[in-house]
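Peer 1: I would like the entire structure built from these sequences, with the hints used as guidance.
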Amino acid sequence: SQKIEQNSEALNIQEGKTATLTCNYTNYSPAYLQWYRQDPGRGPVFLLLIRENEKEKRKERLKVTFDTTLKQSLFHITASQPADSATYLCALDGVDSSYKLIFGSGTRLLVRP
Amino acid sequence: DTGVSQDPRHKITKRGQNVTFRCDPISEHNRLYWYRQTLGQGPEFLTYFQNEAQLEKSRLLSDRFSAERPKGSFSTLEIQRTEQGDSAMYLCASARGTGLEKLFFGSGTQLSVL
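These protein sequences, in sequence, are chains P and U.
Residue numbers for the first sequence follow this note's numbering, beginning at 340 and rising by one.
Residue numbers for the second sequence follow this note's numbering, beginning at 196 and rising by one.
Hints may be right or wrong, so weigh each one.
To be verified - Just some of the chain P residues that point at chain U, by a computed CB distance under 8 Å:
#	residue
1	GLY382
2	PRO383
3	PHE385
4	LEU428
5	PHE442
6	GLY443
Unchecked claim - List time: in silico DSS-like cross-link candidates among lysine-lysine, alpha-carbon distance up to 30 Å:
#	chain 1	residue 1	chain 2	residue 2
7	P	LYS396	P	LYS342
8	U	LYS297	P	LYS394
9	U	LYS206	U	LYS252
10	U	LYS297	P	LYS410
11	P	LYS356	P	LYS402
12	P	LYS410	U	LYS252
13	U	LYS252	P	LYS342
14	U	LYS297	U	LYS252
15	U	LYS297	P	LYS396
16	P	LYS398	P	LYS439
17	P	LYS402	U	LYS297
18	U	LYS252	U	LYS209
19	P	LYS356	P	LYS396
20	P	LYS439	P	LYS396
21	P	LYS396	P	LYS410
22	P	LYS402	P	LYS342
23	P	LYS439	U	LYS266
24	U	LYS252	P	LYS439
25	U	LYS297	P	LYS398
26	P	LYS342	P	LYS398
27	P	LYS356	U	LYS297
28	P	LYS342	P	LYS439
29	U	LYS206	U	LYS266
30	U	LYS297	U	LYS206
31	P	LYS394	P	LYS356
32	P	LYS342	U	LYS297
33	U	LYS297	U	LYS266
34	U	LYS297	P	LYS439
35	P	LYS439	P	LYS402
36	P	LYS439	U	LYS206
The set of hints was computed from the structure by calculation and includes no laboratory data.
It should be emphasised that the depicted structure is a prediction, and the values quoted were computed from it without experimental measurement.
Backbone N, C-alpha and C fix where the C-beta goes; we use that ideal spot for every residue, glycine too.
Peer 2: As structure tokens, this is what we get:
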């Protein structure tokens, strides 16, 4: 069955540095991948979507890459700020349904001032 | 967009009781999803609707869970004979329903089964 892996350990970085989060998947080839941000006690908020035929996508300080050979996506936040502290989730379309999103367990990012 | 609304925000119940949650999606969104999330985990897919039709239901979902979306607008999720293992955040999300697209999530209903 499809499997999505995100680093379960929190990423702790200094303000102003670039945060890089990893999402690995196995056992299938998704048509697209999405990244969401989730704050405690709140629902996830959409950040970026990247399709299988796209290598990279940018939005302001955010950048996502999608390597279908490595089966990996990298999510970068440049010039990180304490307000970026949150849990970041990657999500892929289901192997049997493009309209069903399957989420990873998320990586918590802590940005120190 | 007024956002996805979920009610109640918190629910405490005793084991064996039935509970029902409501979700109001963004108006004109055709697709509606239910997810469940426990601490330290990502949202787990439960079911989704295209308009009023329930198109998919997780194989992991017990038959104690049922969801409806009458008239293709709001949705309800009912859990019968609750168990302590049902304690979780229940998230609702909606999407326009025109293809590959982002989900808009509500703030969730936190269920605690004592």
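Peer 1: Are the hints correct? Go through all of them and say.
Peer 2: Comparing the hints with the structure gives:
Given hint, GLY382 of chain P at the interface with chain U, holds; its Cβ is 3 Å from that chain's nearest Cβ, closer than 8 Å. Using the Cβ-Cβ criterion of 8 Å, the hint placing PRO383 of chain P at the interface with chain U is satisfied: the shortest such distance is roughly 5 Å. At its closest, the beta carbon of PHE385 of chain P sits 4 Å from a beta carbon of chain U; the interface hint therefore holds under the 8 Å criterion. Against a cut-off of 8 Å between C-beta atoms, the interface hint on LEU428 of chain P holds, since the closest Cβ of chain U lies about 5 Å away.
For the restraint placing PHE442 of chain P at the interface with chain U, the shortest Cβ-Cβ distance is roughly 4 Å, inside the 8 Å limit, so the hint holds. Residue-level restraint check for GLY443 of chain P holds (minimum Cβ-Cβ distance to chain U is 5 Å; threshold 8 Å). For the given pair, LYS396 of chain P sits about 23 Å from LYS342 of chain P by alpha-carbon distance, which is consistent with the 30 Å threshold. Of the supplied pair hints, the one linking LYS297 of chain U and LYS394 of chain P holds, its CA atoms being roughly 19 Å apart against a limit of 30 Å.
With a C-alpha separation of about 23 Å, the suggested pairing of LYS206 of chain U with LYS252 of chain U holds against the 30 Å cut-off. Of the pairs offered as hints, the one joining LYS297 of chain U and LYS410 of chain P holds, with about 21 Å between alpha carbons and a cut-off of 30 Å not exceeded. Our distance criterion of 30 Å between C-alpha atoms is met by LYS356 of chain P and LYS402 of chain P, whose separation comes to about 14 Å. A hinted pair counts as satisfied when its Cα atoms are at most 30 Å apart, and LYS410 of chain P with LYS252 of chain U qualifies at roughly 27 Å.
With a C-alpha separation of about 19 Å, the suggested pairing of LYS252 of chain U with LYS342 of chain P holds against the 30 Å cut-off. Distance check on the hinted pair: LYS297 of chain U and LYS252 of chain U sit about 20 Å apart at the alpha-carbon level, within 30 Å; holds. With a C-alpha separation of about 15 Å, the suggested pair LYS297 of chain U and LYS396 of chain P falls inside the 30 Å cut-off, and the hint holds. Using a Cα cut-off of 30 Å, the hinted pair LYS398 of chain P and LYS439 of chain P holds, with the two alpha carbons roughly 24 Å apart.
Restraint check: the Cα-Cα separation between LYS402 of chain P and LYS297 of chain U comes to about 17 Å, which is no more than 30 Å; the hinted pair holds. Taken as a hint, the LYS252 of chain U and LYS209 of chain U pair is honoured in the structure, with Cα atoms around 26 Å apart against an allowance of 30 Å. For the hint linking LYS356 of chain P to LYS396 of chain P, the alpha-carbon distance of about 20 Å falls within 30 Å, and the restraint holds. Pair hint LYS439 of chain P plus LYS396 of chain P holds up; C-alpha atoms about 22 Å apart against a cutoff of 30 Å.
Among the hinted pairs, LYS396 of chain P with LYS410 of chain P is consistent with the structure: their alpha-carbon atoms are about 16 Å apart, no more than 30 Å. With a C-alpha separation of about 23 Å, the suggested pair LYS402 of chain P and LYS342 of chain P falls inside the 30 Å cut-off, and the hint holds. Restraint check for LYS439 of chain P and LYS266 of chain U: the C-alpha separation of about 21 Å stays at or below 30 Å, so the hint holds. Pair hint LYS252 of chain U plus LYS439 of chain P holds up; C-alpha atoms about 10 Å apart against a cutoff of 30 Å.
Proposed proximity of LYS297 of chain U and LYS398 of chain P is supported: the alpha carbons are some 15 Å apart, at most 30 Å. For the proposed pair LYS342 of chain P and LYS398 of chain P, the alpha carbon gap of about 27 Å is at most 30 Å, so the pair holds. Using a Cα cut-off of 30 Å, the hinted pair LYS356 of chain P and LYS297 of chain U holds, with the two alpha carbons roughly 28 Å apart. Restraint check for LYS342 of chain P and LYS439 of chain P: the C-alpha separation of about 14 Å stays at or below 30 Å, so the hint holds.
For the proposed pair LYS206 of chain U and LYS266 of chain U, the alpha carbon gap of about 26 Å is at most 30 Å, so the pair holds. Under the criterion of a C-alpha separation no larger than 30 Å, the hint pairing LYS297 of chain U with LYS206 of chain U is consistent with the structure, at around 28 Å. Annotation: proposed proximity of LYS394 of chain P to LYS356 of chain P holds, straight-line Cα distance about 23 Å (limit 30 Å). For the given pair, LYS342 of chain P sits about 20 Å from LYS297 of chain U by alpha-carbon distance, which is consistent with the 30 Å threshold.
Note on LYS297 of chain U and LYS266 of chain U: the hinted pairing holds, with a Cα-Cα distance of about 23 Å set against a maximum of 30 Å. Using a Cα cut-off of 30 Å, the hinted pair LYS297 of chain U and LYS439 of chain P holds, with the two alpha carbons roughly 11 Å apart. Distance check on the hinted pair: LYS439 of chain P and LYS402 of chain P sit about 24 Å apart at the alpha-carbon level, within 30 Å; holds. A C-alpha spacing of about 27 Å is found between LYS439 of chain P and LYS206 of chain U, which places the hinted pair at or below 30 Å, so the restraint holds.
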